[in-house]
Amino acid sequence: MEERELGEIPSGRFSFMHLVAIAAIGLVLALTAWTFVQKRSVEKDLLTVESNVSDVQSQLDALAEKELDEVAIAQEVISDVEENSVVWSDTILHLLSVTPLDIYYRNYSAAADGAMSVSVLTDSYDSAAHLIAVLEDDDSFVDVFTSSLSLGNSSAGGDVVSFGLTFNVE
Amino acid sequence: MASGNSKSSLVAAIILIVAVIVGAFVWQPAREQVLSLESELVDAQAGLVLLETELADLVLLDSTLPVAESERDRILEAVPNDLAQDELIRDLDDIASSVDIDLTSMTFSLQSVQGLTADVVSISASFSGLYVDLLDLLEAIETNDRLFKVNSIGVQLGDVTDDGEQLMTFSVTLEAYYQ
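Top to bottom, those sequences are chains A and B.
Per my numbering, residue 1 is the first one in the first sequence, and the count goes up by one each step.
Per my numbering, residue 171 is the first one in the second sequence, and the count goes up by one each step.
The following block holds chain A by itself, in its conformation from the complex:
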């Protein structure tokens, strides 16, 4: 009887297998609980981020209604045009105001870069020279030049000097 008892594996209430099983179920339950806590936390963060996205999107929509990009481009174009344009109404008014009374412009033309050419009639070479001097003295006009002048007769019998004049508007 004593030999038999000594040969058996001792078995208590908690064997090693029980310990492993309990540890395993404990670990799984702990991991599961932690995962659900994590899930709840991530869901909460996600809701917060989605709410922020919604807020920012609303603000963007409100700004989009203001057509900011379009206004910015339009403003840039307006500034560019204002900086690089000649106000021809002012320029022509100024040209006519400094032009001597014995000068008659038959035609004139102007380009965007400020280059201007006029076709002129007057009654003497002196008047032609005076016009050139007047324009040269004026700060608004530079590079005043005529390539040729010619003398003719008017239908009334008087002298007519005709010439073309080019200059640049400052």
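Note that these hints are calculated values from the structure, not bench results.
No residue lacks a Cβ here, since even glycine has one placed at the ideal position from N, Cα and C.
Some hints here could point you the wrong way.
[Unchecked claim] Covered stretches of chain A (in silico footprint by chain B; criterion: 3 or more residues with CB under 8 Å from a CB of chain B, positions within the stretch not fixed):
1. 25–32
2. 36–44
3. 68–74
4. 85–97
5. 109–120
Chain B: place on chain A using the hints.
Frame of chain A; chain B shown alone:
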């Protein structure tokens, strides 16, 4: 004693099986859900950062633009969002009428100007009328609500009327802009 041992082992085995079942069917799916949600969160945060950057840029842009709504409307009227050729035709016709000058012709061509953020429509227009109205015509063009850039002008003086008024033909090349 052997029966007690078997029973005890069975309980341990059942606990292990329950642990495996819980692990496989509860914990694992929940973990996958968490990973999926975390990935979604990262994407949402990245999207939020992009939107916040865009918002910051727009707020900065907004602060550099005129505050008054009327001024912004005026700017957009000067350089509208589309060609609006009908408005261009009406504008030129109205300008000519307002200064008692005849608008004899107008031609349009679409252009692309390098370095300019807006599109360009080039307009050549011819007018005829009294020379004294030339400056009013030019001013009306320059102050039109729709922005016009005068690229070139040509004035040809003609006959004098019985009333002693000088006639002229006037040609102008303009640029108008749209987005």
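Quiz item: Looking back at the numbered hints, which does the structure fail to meet, lowest number first?
Solution: Hints that this structure does not satisfy do not exist here, as all of them hold.
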